[in-house]
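Participant: Chain order of the listed sequences is A and B. Note that our numbering gives residue 171 to position 171 of the first sequence, counting from 1, and the numbers run on in steps of one. Note that our numbering gives residue 98 to position 98 of the second sequence, counting from 1, and the numbers run on in steps of one.
Among the clues, some could well be false.
Label pairs and their computed distance ranges (CB to CB) [said to hold, decoys possible]: (1) 191(A) to 303(B): 39 to 45 Å; (2) 226(B) to 260(A): 42 to 48 Å; (3) 168(A) to 121(B): 51 to 57 Å; (4) 218(B) to 48(A): 23 to 29 Å; (5) 267(B) to 3(A): 50 to 56 Å; (6) 238(A) to 171(B): 27 to 33 Å; (7) 131(A) to 188(B): 56 to 62 Å; (8) 315(B) to 8(A): 33 to 39 Å; (9) 41(B) to 169(A): 24 to 30 Å; (10) 172(B) to 191(A): 55 to 61 Å; (11) 3(A) to 217(B): 23 to 29 Å; (12) 169(A) to 315(B): 47 to 53 Å; (13) 81(B) to 113(A): 29 to 35 Å; (14) 303(B) to 131(A): 23 to 29 Å.
Here are the simulated DSBU-like pairs of lysine-lysine, each with C-alpha atoms no more than 30 Å apart in a straight line [said to hold, decoys possible]: (15) 129(B) to 266(A); (16) 129(B) to 194(A); (17) 194(A) to 266(A).
Calculated from the structure, these hints are not laboratory results. Remember, predicted model here, so these are calculated numbers, not experimental data. Using N, Cα and C, we set each Cβ at its ideal position, and we do this for glycine too.
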Amino acid sequence: MINSRSRLAIALYALMAVLCIPFLFPTWWMITSSFKPVSEIFAFPPTLLPRQFVTDAYGRVFELQPFARQYFNSLYIAAAVTAGTLAFSSLAGYAFARIRFPGANLLFMLVLTGLLIPSEVTIVPLFQMFLDVGAINTHWPLILVPMLGAPSALQTFIMRQFFSGLPHELEDAARIDGLGRFAIYRRIALPLAKPALAAVGIFTFLYSWNLYLEPIVFLSSPDKFTLPQALTQFVDAYGGPMWNIQLAAASLTAIPVLVVFVIAQKQFIEGLAYTGLKG
Amino acid sequence: MTPDRYRRGLEEAQLAHDHLLPSTSPDVRRSWWTPARRDHFTGYLFILPQIAGLIVFVLAPLALMAWYSLNEWNVLAGTFSFVGIGNYEKLATDPALPGVLWASACFSVGLVLFNLSLALLLAVLLNQKLAGTVVFRTIFFSPVVVSLVAWAIVWRFLLQQDGGINAVLRMLSIDGPNWLRGPTTAMTSVIVVQVVKNVGLNMVLFLAALQNVPQELYEAARVDGASRWTQFFRITVPLISPTVLLTSIITVAGSLQVFAQIAVLTEGGPGTSTTVLVYYLYQQAFQFHFFGYGASLAMLLLLIVGALTYLQWSLRKAWVYDND
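Let the hints inform the model, and build the full structure from the sequences given.
Facilitator: Below you can see the structure in the form of structure tokens.
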């Protein structure tokens with residue numbers, strides 16, 4: 001005899017299992033299809049696992065485009081943006097939370113303005129500015145704008161909220177010990193801010209990793225491309241996508257981040273929830 | 001604590017003390033470089049990179065954009081001439097614009113409603129204290145970390161006429177439509193793809209909010225004989241309403257910035273049925289090279305984002321439960 005409590009549990013598990021399909025199936029389909037020969041990709045009935053396992057598409061990914069170079073571009077740009085954002089937003093966030101200097105409120109309004117302005121809005125003048133200084137078809141716009149422009153305002157805001165919530169006592173004790181502001185920030189505030197820094201770092205990295213409009217506006221030569229831009233370039237002579245190759249490239253882009261996520265999912269999700277609540 | 005540092009600390013404390021209290025000996029001239037001033041200076045140094053970045057990459061472009069929008073500027077033809085409100089007149093009479101705004105509105109409304117309700121449903125399911133919910137939480141969140149373009153490419157593959165979704169439907173003897181080639185199904189598809197990609201973010205924020213609702217309230221309600229539904233709408237919803245406000249502001253703002261998914265899935269089509277404002281701006285400025293007109297479209301986008309954020313913020317009093 002099944003009681004009502006476990007009947008409810010079974011119903012909930014069934015509902016969640018069904019809801020999982022749209023979240024899991026695309027990734028599954030992407031990876032398995034990339035190992036199917038072209039003839040099998042659109043076969044009916046569809047095959048959940050490749051009937052014939054081929055890895056040709058993966059070789060072609062690297063032949064058709066400088067894919068390794070593009071992978072490196074995306075990685076180093078995202079790493080540079082993340083490192084810079086962590087440094088500058090934690091410095092600014094700390095100052096706004098702790099140091100009372102004239103004009104702080106006015107300057108913080110500027111941060112809030114950046115928070116509300118989508119970076120897409122300023123893409124036309126940004127393009128012209130970078131054209132004027134000869135930085136088109138370089139990675140500078142993709143590094144500098146996310147690191148210091150509108151997208152970084154949210155990170156500064158999160159860091160300020162976090163530092164405002166820390167108790168004053170530790171810092172007061174350190175000041176009596178004669179530590180300067182920078183030493184307090186570096187040795188006391190930053191180590192306490194690890195959860196906020198982790199969340200800010202993860203989301204800055206993903207933001208840069210996902211950028212698409214900016215690269216297609218700023219970059220024009222394939223060896224400068226980032227991954228999202230490169231993925232859409234695997235097309236045949238008629239502009240139609242070469243599906244198995246596109247899916248192989250997409251898998252190569254998605255799988256490493258997914259693996260890191262599954263290993264560190266606790267930090268990912270709880271870090272986000274934590275900062276989200278504070279912010 | 002080293003004696004040296006201790007002495008320095010004492011000196012600083014003494015200096016700060018002197019600075020705060022009127023000096024008893026008028027002949028002692030304090031230097032201009034007081035500890036307070038030094039502290040202000042440190043503050044400015046700390047915020048310098050961020051503020052300089054915001055001035056160069058936000059304020060200056062905004063000012064330039066306002067100026068560009070008053071000029072006729074075709075990059076290909078190399079023409080740049082002052083036209084006053086000419087671009088705004090073009091904006092008002094552009095036959096394509098009502099369709100673009102309608103598509104943006106459909107996308108945003110559909111996305112926000114579907115995203116927030118699915119996020120809340122998933123969060124409530126995960127909050128039932130069942131074994132193994134961490135696995136489900138990981139699965140629901142996983143698309144967030146998949147590269148946006150990779151995600152859109154897979155869905156385009158799945159949504160084709162002979163793609164995976166129609167193949168599954170055919171096995172159930174259902175003839176699926178060509179999802180991305182019909183106006184209604186294209187818009188629905190774009191919304192669903194985007195919701196599945198990002199709903200995990202809001203789900204996690206809702207889950208954290210649900211876990212902060214005090215259990216005593218539910219116990220008290222049970223004692224009073226309130227049903228599960230009453231508990232949900234009378235206790236849960238009011239207590240998580242600040243999170244609903246936060247997530248709705250983030251989601252509305254994000255929905256107006258959608259670009260990559262549209263570019264990969266539909267290229268704004270069929271016709272202009274999925275041409276949202278940012279995609280139209282991109283087409284006008286970077287495909288047709290009308291920079292001046294693109295700038296005035298950007299001003300319009302800015303106005304819409306500002307108005308919606310202000311609206312949500314000022315309406316919060318009406319429906320957000322405030323603890324204080």
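Participant: Could you run down the list of hints and mark each one as holding or not?
Facilitator: Hints versus structure:
no.: 1; hint: 191(A) to 303(B): 39 to 45 Å; verdict: holds, 43 Å
no.: 2; hint: 226(B) to 260(A): 42 to 48 Å; verdict: holds, 44 Å
no.: 3; hint: 168(A) to 121(B): 51 to 57 Å; verdict: violated, 41 Å
no.: 4; hint: 218(B) to 48(A): 23 to 29 Å; verdict: violated, 43 Å
no.: 5; hint: 267(B) to 3(A): 50 to 56 Å; verdict: holds, 55 Å
no.: 6; hint: 238(A) to 171(B): 27 to 33 Å; verdict: holds, 30 Å
no.: 7; hint: 131(A) to 188(B): 56 to 62 Å; verdict: violated, 39 Å
no.: 8; hint: 315(B) to 8(A): 33 to 39 Å; verdict: holds, 36 Å
no.: 9; hint: 41(B) to 169(A): 24 to 30 Å; verdict: holds, 25 Å
no.: 10; hint: 172(B) to 191(A): 55 to 61 Å; verdict: holds, 57 Å
no.: 11; hint: 3(A) to 217(B): 23 to 29 Å; verdict: holds, 26 Å
no.: 12; hint: 169(A) to 315(B): 47 to 53 Å; verdict: violated, 39 Å
no.: 13; hint: 81(B) to 113(A): 29 to 35 Å; verdict: holds, 30 Å
no.: 14; hint: 303(B) to 131(A): 23 to 29 Å; verdict: holds, 26 Å
no.: 15; hint: 129(B) to 266(A); verdict: holds, 17 Å
no.: 16; hint: 129(B) to 194(A); verdict: holds, 28 Å
no.: 17; hint: 194(A) to 266(A); verdict: holds, 14 Å
This entry does not satisfy hints 3, 4, 7, 12, going by the numbered hints stated previously.
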